[in-house]
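Peer 1: So the chains spell out like this:
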Amino acid sequence: GENVEQHPSTLSVQEGDSAVIKCTYSDSASNYFPWYKQELGKRPQLIIDIRSNVGEKKDQRIAVTLNKTAKHFSLHITETQPEDSAVYFCAAPLTGYSSASKIIFGSGTRLSIRP
Amino acid sequence: NAGVTQTPKFRVLKTGQSMTLLCAQDMNHEYMYWYRQDPGMGLRLIHYSVGEGTTAKGEVPDGYNVSRLKKQNFLLGLESAAPSQTSVYFCASSVGTASNQPQHFGDGTRLSIL
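So the protein lines, in turn, are chains A and B. Numbered per my numbering, the first sequence spans residues 1047 to 1161. Numbered per my numbering, the second sequence spans residues 180 to 293.
FYI, nobody ran anything at the bench for these hints, they're computed from the structure. Incorrect hints may appear among the rest.
What the hints assert, rightly or not - Keeping only pairs whose Cα atoms sit at most 27 Å apart, straight-line, the calculated DSS-like set for lysine-lysine is:
id	chain 1	residue 1	chain 2	residue 2
1	A	K1104	A	K1088
2	B	K250	A	K1088
3	B	K193	A	K1088
4	B	K188	B	K250
5	A	K1068	A	K1088
6	A	K1117	A	K1083
7	A	K1068	A	K1083
8	A	K1117	A	K1068
9	B	K188	B	K236
10	B	K236	B	K250
11	A	K1083	B	K188
12	A	K1088	B	K188
13	A	K1117	A	K1103
14	A	K1114	A	K1068
15	A	K1083	A	K1103
16	A	K1088	B	K236
17	B	K236	A	K1083
18	A	K1103	A	K1114
What the hints assert, rightly or not - Pulled from the structure, derived: some chain A residues nowhere near chain B, Cβ distances all over 12 Å:
id	residue
19	V1059
20	T1070
21	S1074
22	E1125
What the hints assert, rightly or not - Sample of chain B residues facing chain A (criterion: CB under 7 Å; computed from the structure):
id	residue
23	V229
24	T276
25	A277
26	S278
27	N279
28	P281
29	F284
30	D286
Note that the structure is a prediction, hence the values are computed from the model and not measured. In this text, a Cβ means the ideal position worked out from N, Cα and C, and glycines have one as well.
When you get a sec, could you build the whole thing from the sequences and use the hints?
Peer 2: Shown next, in the form of structure tokens:
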């Protein structure tokens, strides 16, 4: 079945610097990769997603890159701000008839922005 | 438009007690999911539903049951609560399969089993 590994588990960056979080997946048939942000005590919320027909997607300071050959995708946050402090989760879908409709989440990255 | 609403927000149970968590969505989504979140383990799927009247098992279904009698509601039941079920429970819904559509989460239910 699908396995999603996320690194690092914690990340501390200076305000204004960039942050990169990487996820690897095992199912080569996976074709949809969302990223969720969860602030302390809040619900996870989608911040960006990418489909396998593109290699990169940007939304203001956030970007996601996908390397299907290597089976990894990364979240890039530029010009980090205090409100970027949160836990970030990547996810990848399970494929196959018996696994349809499900995704597997990574274990999360706690990002802290130092003032 | 409330999105996904979970009740209750907090609950403390004694071992062996039963309870039901309610999830309601007003977005007319077909797919609904129940996850549990434990420290350092991300979100793990308990059960899910691809439409009214249907349910299926996820990664960690043991000790839980679900029902989807109405399209907008997805209930999660604990038949005999155990301390290992202490967790934060999140409900989510999506317009299509989570395999290619974003999920909308509720605020969560923090459940403690003593």
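Peer 1: Give a verdict on every hint.
Peer 2: Status of the hints after comparison with the structure:
Simply put, K1104 of chain A and K1088 of chain A have alpha-carbon atoms about 24 Å apart, close enough for the 27 Å limit, and the pair holds. With a C-alpha separation of about 25 Å, the suggested pairing of K250 of chain B with K1088 of chain A holds against the 27 Å cut-off. Restraint check: the Cα-Cα separation between K193 of chain B and K1088 of chain A comes to about 26 Å, which is no more than 27 Å; the hinted pair holds. For the hint pairing K188 of chain B with K250 of chain B, the CA-to-CA distance comes to about 22 Å; that is within 27 Å, so the pair holds.
For the hint pairing K1068 of chain A with K1088 of chain A, the CA-to-CA distance comes to about 23 Å; that is within 27 Å, so the pair holds. The suggested pairing of K1117 of chain A with K1083 of chain A holds, with an alpha-carbon distance near 22 Å, which does not exceed 27 Å. With a CA separation close to 14 Å, the supplied pair K1068 of chain A and K1083 of chain A stays within the 27 Å bound. At most 27 Å may separate the alpha-carbon atoms for a hinted pair to count; K1117 of chain A and K1068 of chain A meet this at roughly 11 Å.
With a C-alpha separation of about 24 Å, the suggested pair K188 of chain B and K236 of chain B falls inside the 27 Å cut-off, and the hint holds. Pair hint K236 of chain B plus K250 of chain B holds up; C-alpha atoms about 18 Å apart against a cutoff of 27 Å. For the hint linking K1083 of chain A to K188 of chain B, the alpha-carbon distance of about 20 Å falls within 27 Å, and the restraint holds. This hinted pair checks out: K1088 of chain A and K188 of chain B have alpha carbons roughly 12 Å apart, not beyond 27 Å.
As the CA atoms of K1117 of chain A and K1103 of chain A are separated by approximately 16 Å, the hinted pair is consistent with the 27 Å bound. Distance hint between K1114 of chain A and K1068 of chain A is fulfilled; the C-alpha atoms sit about 13 Å from each other, no more than 27 Å. Restraint check: the Cα-Cα separation between K1083 of chain A and K1103 of chain A comes to about 17 Å, which is no more than 27 Å; the hinted pair holds. A hinted pair counts as satisfied when its Cα atoms are at most 27 Å apart, and K1088 of chain A with K236 of chain B qualifies at roughly 26 Å.
The straight-line distance between the Cα atoms of K236 of chain B and K1083 of chain A is roughly 26 Å, inside the 27 Å bound, and the hint therefore holds. Restraint check: the Cα-Cα separation between K1103 of chain A and K1114 of chain A comes to about 14 Å, which is no more than 27 Å; the hinted pair holds. Every CB of chain B is more than 12 Å from the CB of V1059 of chain A (nearest about 21 Å), matching its label as outside the interface. For T1070 of chain A, the non-interface assignment is confirmed: its Cβ lies about 14 Å from the closest Cβ of chain B, beyond the 12 Å cut-off.
At the 12 Å boundary, the C-beta of S1074 of chain A stays outside the reach of chain B, the nearest C-beta of that chain being 15 Å off. Listed as a non-interface residue, E1125 of chain A keeps its Cβ farther than 12 Å from every Cβ of chain B; the least gap is roughly 25 Å. At about 6 Å, the closest approach between the beta carbon of V229 of chain B and any beta carbon in chain A falls short of 7 Å, and the interface hint on this residue holds. A least Cβ separation of about 4 Å between T276 of chain B and chain A falls short of the 7 Å threshold, and the interface hint therefore holds.
A distance limit of 7 Å between C-beta atoms decides the matter here; for A277 of chain B the minimum to chain A is near 5 Å, and the interface restraint holds. Interface restraint check for S278 of chain B: the shortest CB-CB distance to chain A comes to about 4 Å, inside 7 Å, so the restraint holds. Interface restraint check: N279 of chain B against chain A, minimum CB-CB distance 4 Å, threshold 7 Å, status holds. With its C-beta approaching chain A no nearer than about 4 Å, P281 of chain B sits inside the 7 Å limit, and its interface hint holds.
Because the smallest distance between the Cβ of F284 of chain B and any Cβ of chain A comes to about 4 Å, under 7 Å, the interface hint for this residue holds. With a cut of 7 Å, the hint placing D286 of chain B at the interface with chain A holds, because the nearest CB-to-CB distance is about 5 Å.
In terms of the numbered hints stated before, the structure departs from none.
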